[in-house]
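Asks: Got two chains here, each in a separate frame; can you build the complex from them with the hints?
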Amino acid sequence: MNSRMKSEGLAFTAFVGSAIAGALWVARDWPVRASIGILVLGIIGVTLALCQISRDLRLQKTVQDRSAFEAPQIATEGKWGNIEIWSWIVGFYLLIVSIGFMLAVPLFVLTYSKFYGARWGLSIGLSAVAWSLVYGVFETILHVPWPTPLIYSVFQT
Amino acid sequence: MLEAAFEGLSQVLTPNSLGLMCLGVLLGSIVGFLPGIGGPSTLAIMLPFVMTMKDPFAVIALLVGFDAVGNTASAFTSVLISVPGSSGSQATVLDGYPLARQGQAMRALSASFIASLVGGLLGPLVLLGSLPFLRPMVLSFGSPEFFVLTLWGVTMVGVLSGNVPLKGLLAGILGIFISAVGADDKSGIERFTFDTAYLVEGIDLVIVALGMFAIPECIDLAARKTAVAETQELGHGFREGAKDVFRHWWLTLRASAIGIWVGFLPGLGSSVADWFAYAHALQTEKNSGNFGKGDIRGVIAAESSNNAKEAGDYIPTLAFGIPGGTSTALILTALVAVGVNPGPEMLTTQLSFTFAVIWTLTIANIIAVAICLLFIKPISRMCFMPFYSLVPLILVFVFIGAFASNRTHTDLLALMIFSLLGFMMRRHGWPRSPLVLGMVLGDKMENYLWLSYGRFGFEWLARPAVMILFVLLALSLCYPILQDWKERKRRGERASLDR
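For the record, the sequence lines run as chains W and U.
When we follow our numbering, the leftmost residue of the first sequence carries the number 1, and every step to the right adds one.
When we follow our numbering, the leftmost residue of the second sequence carries the number 158, and every step to the right adds one.
In short, the hints are calculated from the structure, not lab data.
Mixed in with the good hints there might be a few duds.
Calculated pairs, DSS-like style, for lysine-lysine (alpha carbon to alpha carbon, straight line, at most 25 Å) [stated by the list, open to error]: (1) U/K534 with U/K343; (2) U/K400 with W/K6; (3) W/K114 with U/K450; (4) U/K400 with U/K534; (5) U/K443 with U/K400; (6) U/K382 with U/K601.
Per label pair, the in silico range of CB-to-CB distance [to be verified]: (7) W/S132 with U/Q440: 43 to 49 Å; (8) W/C51 with U/E616: 29 to 35 Å; (9) W/E139 with U/S167: 54 to 60 Å; (10) W/V40 with U/I187: 41 to 47 Å; (11) W/V137 with U/F163: 39 to 45 Å.
Positions of the beta carbon are idealized from the N, C-alpha and C atoms, including for glycine.
The following block holds chain U by itself, in its conformation from the complex (with noise of 0.2 Å):
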């Protein structure tokens, strides 16, 4: 074993595969940072070009390199400008910019970057400790648990809406509907389409999200006419930030592994890691009332988690040749095209290209934060500048990065209507976090619904782990409930103390 960890580092550092890591850190940087280019959409242009190559620990180097860093940029505009750079760091905007407005952002970023990085290295830590472990509880969860599973998710995010767990709900809700929008691939139906073209293949995520953060903070800006932070400074820098993610290890720590185990689910996809960690943040944080207005847990939280999540993809990827997401499912096949073969023979035979994949991950990190952290002066003077300056050139990166989805003029139209929502919504007090992961969840939840029907009838409601996580479920909509006669009591106690 030590053997092939010393082969994989060897082959990694080579000038030919560092070269290609360090280029593929930075166009995985560039691509977090610019809202409206994604990920797996570079990595499809990247596959034609890679797959000529004829050393796999150089496809290794480019693709993990690239892959492995997207979400650590990506909290640049997220934080200073409210427009998620990818879609692994949407719910780093509900704290991130926050802190930008109260003169923190600084600190906001160097928190989310140098939790990027523990997430990042603890990921690939425990991608190496955690396959024999891990491995069977996986092999034993089928779509019964995974439905349970997404329902909770959205369950989860709604009721923790704060005083306003019905809207939570229904937020939750509508997010499953407009995911439905689309031709239904298991019956062939068009749900939802009114015989428009453009909505046969569904609502693409970014418009929605675009709609639902981006532009109602740009409204607010635009109103507020003034720069997007409220004082005249940055904060004590990245000192601050650091300090912050060491004095939240605790939560650092278990951010991370939600991350990696949602990485390690198939099919759970980048955008639900950092919410789930979110989540659980506020769940489970005391004093919590001060998220969502400038908390740096919030930040911690989601930042730590997507990156380790990133790590936590390739656990299925290699050792059962199920890719964890799609950028996942992108690498696979250049890895399969340049003669890798993920499965059981990641472990055995062809150990030093798993060991490859920990090596890039763990240094491409690393990489990643250093360009970050050098550039975080710079590039945080940007809320400084006057909402004049500011609010065309976010309305153009947004109306860009919607345009992007599909390429036509009706992405723009879909991006305004989303963003009367979300602006509606804002203004109304409604979370739109649960909305936006709704969406994300419904399609597999649906699948995961029929296919429990399908294959167990009825029978799976009876299963051991889905009793379980139904308990789980149970206890998350009970907690407000709760939550509201402690607060009662509370009032009560205090009233009479009063009298």
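Looking at chain W on its own, in the form it has when it is part of the complex (with noise of 0.2 Å):
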């Protein structure tokens, strides 16, 4: 494990550890009936936070933490590494609250498959089967209410 990695572990451990004492700090004023869960096993998970930061900083050669029934830990490939993807996840969703989910569906999933090299009848393929997905079962059958895309309310305006 690289040194950026270990501090970058040991920053999360700090931030699930912070998370658990704000809520504690939030929970201090309810009545019991609310908190007593939350203070109670706050305060072990505050503790164990603790232990576990300090087993971090303690270990100088550690050995990679894998849990038993976890799946291996993300590598980062490619010169953008996570990055990349996660700016697919943050445009989907972007594109969703823009244009809705009927029109940013097969719109998604044709620039994805494009932008990677499929061939176009393969993506045109793929953005019509997504499409049929949504219209047929979420639309015609279960009659979703889809919330009003932003681009309509600024036409609206």
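Replies: Rendered as structure tokens:
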């Protein structure tokens, strides 16, 4: 494990510990009925987080922590590593908010697949499948009330 | 009794009931296959139509048929794209997906279907035979016992997370805290809502589960820029998977028993059984080092338990009128509407209805597994699809699944926050399962704790069953310390031998 990953891991443990400590702080003014569980578990949680932080700091030659029933840690491949896929995810979210599910879904599938080298036929086919699923199941059968996309609100005003 | 059994069977096998059962199985399989469309929400949509039906046997065939098979088809998405199709097959992802990546998707799927079948057939058998024995035991269980049981569940999964028990326990606590978000029924206080309307209703488990498991796997797939399977083989087909189930028959039976037991205990819910069975397999099986990296026993344990659990759910529902879960609560509503009175009468004057449920559970499981095995090969080919075909489709599935929770854009924002948390946890070797289990059990745990204190003060701690359960909990906590000590001793012995 390189030092960057090590300090990132330490920061993450500190973040979890702080989140639990923050919850403990927020819960201190609540009535016992609502806070008893949070207070008991919060104190245990903060203690465990401190133990974990001290363990991380103590171990010089850390064996990479691997939980027994977990998938291997995510590798960062390529120049941009995981930032690339995170950008796609955030982009998809923004697209849904802006133009709505019905348009965002085929547009996203088409753009993503085409960007990474899929043939036009495959890209269009995948987009059609995704759109059919959304339209057929969620729009026609389940009558899901889609929220108004941002672009419609802009045009209406 | 035999007469009632035959009457139940003959009523279930009428063309009308059989047709409705097949419809229920098909709908249940589709709902199980599509992540984000929950069984209970579909049941709720069906309820108004079903309640207009006159024949109780037809209602049983349709609804029980639908409910019995939801966890069978959900293995497809759990194994192939690491997105649990239903809450009951979350633990299947842990070993099913790595097996798919190793080119053994067919084996994982067939093992999961056969295990589901075994669990699904054992469940009704136990439902039949267990009533006279289990009834007094569950009736003697109160909120203190249920509290320790839920606490033990989170601790067990947290502690068993390999060489990171501290992180496991912290993740469990984090999950319990996430479950506390929203308006508290007991005190009326809004907890951790930060004056945000969205958080008043609490955070949906589906969003957390998708963020914890689906998106991090999707990121991994996108970063690797390959297909799901790292080889070009589907494995040895369903024969190998079926053999695996019978090779590990003792585990299958134990996991099924856990599923039935979890279903039998009211209020534990469908998403607990697979985790309990998985943790049990991890704790008791020899050479468990491969769990989480593609061990078929992980798939068998999770899948046999989640189907067996469905039958377990019906024990308190039918015998005591106490629904074992959300789905059975809805089915109970429909049964009452068509003239069936769940309760002790189900074992006396209405015994034929009880048998109709048992037969439906049995036949529906056989039909569902036959359907799944029929489509196993074409669907397994998804593993060879290049990442650019799968990643956008998975993201669409995941986003729609998350959106289906409350149907607002904020669901998607919540999804991304939990995805980031899941991503960081996976990146730094934190186990994610205890967080999900903590979230599942957190609310119940708090309720049981408060009820115990409210009813018995601190005296509940002295109840014999509570003390036994606390001893088991302490043993679970000591287990990793003992393991660590053993490992150190072994290393010390090896070092002295080398010298």
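Asks: Does each hint hold? Answer for all of them.
Replies: Consistency of the hints with the structure:
Using a Cα cut-off of 25 Å, the hinted pair U/K534 and U/K343 is violated, with the two alpha carbons roughly 50 Å apart. For a cut-off of 25 Å, the pair hint linking U/K400 to W/K6 is broken: about 43 Å separates their Cα positions. With a C-alpha separation of about 32 Å, the suggested pairing of W/K114 with U/K450 is violated against the 25 Å cut-off. Between U/K400 and U/K534, the direct Cα distance comes to roughly 18 Å. Compliance with the 25 Å bound is thereby established for this hinted pair.
Between U/K443 and U/K400, the direct Cα distance comes to roughly 19 Å. Compliance with the 25 Å bound is thereby established for this hinted pair. Using a Cα cut-off of 25 Å, the hinted pair U/K382 and U/K601 is violated, with the two alpha carbons roughly 42 Å apart. Checked against the given bound of 43 to 49 Å, the beta carbons of W/S132 and U/Q440, roughly 45 Å apart, stay inside it. A beta carbon spacing of about 32 Å between W/C51 and U/E616 agrees with the range 29 to 35 Å that was offered as a hint.
Checking the proposed 54 to 60 Å range against W/E139 and U/S167 shows it is violated: the Cβ atoms sit about 42 Å from each other. A hinted range of 41 to 47 Å holds for the C-beta pair W/V40 and U/I187, which are about 43 Å apart. Checked against the given bound of 39 to 45 Å, the beta carbons of W/V137 and U/F163, roughly 40 Å apart, stay inside it.
Of the numbered hints listed earlier, those contradicted by the structure are 1, 2, 3, 6, 9.
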